[in-house]
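K.L.:
Once you've looked at the hints, dock chain R against the given chain S.
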Amino acid sequence: MNPALRRGWLTLLYKELLRFWKVSFQTILAPVLSALLYLLIFSHVLESRVSIFDGRVGYTAFLVPGLVMMAVLQNAFANSSSSLIQSKITGNLIFVLLPPLSPLDLYGAYVLGAMVRGLVVGAGVFVVTLAFGPMEVLHPLWAVTFALLGSAILGTLGLIAGICADKFEQLAAFQNFLIMPLTFLSGVFYSIHSLPPFWQALSHFNPFFYMIDGFRYGFFGLSDIAPQTSLAVVCVFCVGLTALTLILLKRGYKLRH
Amino acid sequence: MVEAGEFFGLLGPNGAGKTTLISILAGLVAADTGTARVLGHDVVTDYRNARRRLGVVPQELVFDPFFTVRETLEIQSGYFGIRDNDAWIDEILHHLDLAGRADANMRALSGGMKRRVLIGQALVHKPPVIVLDEPTAGVDVELRQTLWGFIRKLNRDGHTIILTTHYLEEAEALCARIAMLKAGKIVALDTKQNLLSRFAGLTVRLTTDRLPEAWQSRVMRQEEGTYLLSLANYAELESLLAALRQDGATIAELSLQEADLEQVFLRIMARHQ
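Chain order of the listed sequences is S and R.
Numbering that gives the first Met the number 0 puts the first sequence at residues 0 to 256.
Numbering that gives the first Met the number 0 puts the second sequence at residues 0 to 272.
Next comes chain S alone, as it looks inside the complex (with noise of 0.2 angstroms):
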């Protein structure tokens, strides 16, 4: 690529980047407080109750991998989201679509801050949790790839809300309806183990299980089902996501008119 086409992307993510740094307050330090007041109250709640993975694994060092994915997916999906529907409404969009950036540009810079935000928070969660005693990461590579991975697919997912929102009111429903409840019902906060069959059965259709399933064993070298299944899985959603916003993107849908 030559330099002044890299350039235009490396620039795009640097305004993606600088416009959450120039409010970190609000985009990195509050959901690293959400993560940990979970963790407070959850940990107090149910450690004596809960049993995971036949008892080899208490239920706060359980909860760690599941709160850390959690932050990663939720400020990926946040950060793409959020800045594309914010620049469409209020019109600036127009100084990123006039430039030469194409289609790749555009999903890069935007998927590639989105990922940076999530990590970053993640991080953040990870390390106050540490607070709470040591944690053991046994498998540092798997815990990686399913983070990248997990914080590029929502990174994707707020691209593709961005895109096809016209208002804010549409992202908030994309939101809460969609993304919350594929959070919440992936195992977060339990192991699927421990829900009837049929919901164990319902909970291998989201996605969003077998992120976390895999971080999980990233930390444990447990996990509910194989890793290798997960990653396939995972990688599968990105390529599929990815494909769907280079088509939206190339078409100009809801962008260009």
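The hints are simulated quantities; they were obtained by calculation from the structure and are not laboratory data.
Each residue gets a CB set at the ideal place from its N, CA and C atoms; glycine is no exception.
Treat the hints with caution; some may be incorrect.
As the list claims (entries may be wrong) - Here are some of the chain S residues that sit facing chain R, going by a computed Cβ distance under 10 angstroms:
1. Arg5
2. Leu17
3. Lys21
4. Ala122
5. Ala172
6. Gly251
Claimed, not checked - Stretches of chain S that chain R covers, calculated by requiring three or more beta carbons in the stretch to come under 8 angstroms of a beta carbon on chain R:
7. 84-95
8. 99-113
P.N.:
Only chain R this time, still in chain S's reference frame:
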């Protein structure tokens, strides 16, 4: 249609399609039919080259509230693949009288200043073709003069300028060639001089006891002994006076108005009702 190096005016009532046309050039809107090219580069199939050669000042007063004036201009340079653009950015800030506000947040600027930043953003990549969609709406008179001085300089330096405006006297003062749009169609396209003479010429108000037969066809309006005549130029006025003298007519009163672009515009729009 627009020649390189021209100062071209695009006029028309609200809803005529001026902004749509500009949006097609800029790749913001897809044309239903036909193609558009910027200096030979198709805006769809060769969009990178087309957009690199085009600077657009949008009509809407938009800005990104996260950034300062300088950051806004630096980021816009980066989108076009330009790094270390400080010298040119400083020059733009100077010409647009923004140097003192370079580090102010966009939110803190007045409407007129935001408009100037938009103009700056369109110029960061030194585009050979500059499109200004009503750039002086909401800009005070003094700044308007500064701004036109700058745009004229850019035009002299070889930039092609396309201007839409509602201030017809602005178009008359600046543009060498003008297209008038109505309902998406070009209803007039000519040099300013030709438009002014072809469609307007002189309007003569003449009060006399008799008008020679040959000149009756030029009467636009008649009230008792006062005639409103449409003439192409001053040479025709001389012929009219000669004809009156030959006929022995008495001129009680004579006054004339030179038509301006506004009258031309109104006549053309009326004709295409």
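K.L.:
Each hint should be assessed against the structure and marked as holding or not.
P.N.:
Hints, verified against the model:
The restraint placing Arg5 of chain S at the interface with chain R holds, with a minimum CB-CB distance near 8 angstroms, inside the 10 angstroms limit. Nearest Cβ of chain R to the Cβ of Leu17 of chain S: about 7 angstroms, under the 10 angstroms cut. The hint holds. A hinted interface residue such as Lys21 of chain S counts as satisfied when its beta carbon comes closer than 10 angstroms to some beta carbon of chain R; here the least separation is about 6 angstroms, so the hint holds. A cut of 10 angstroms between beta carbons decides the hint on Ala122 of chain S: the least distance to chain R is about 23 angstroms, and the hint is violated.
For the restraint placing Ala172 of chain S at the interface with chain R, the shortest Cβ-Cβ distance is roughly 25 angstroms, beyond the 10 angstroms limit, so the hint is violated. Of the supplied interface hints, the one on Gly251 of chain S holds, with its beta-carbon coming within about 7 angstroms of a beta-carbon of chain R, less than 10 angstroms. Under the rule that three or more residues need a Cβ within less than 8 angstroms of chain R, the assignment of the region 84-95 of chain S holds, with 7 such residues. Coverage of the region 99-113 of chain S by chain R holds [criterion: at least 3 residues with CB-CB distance below 8 angstroms; count 3].
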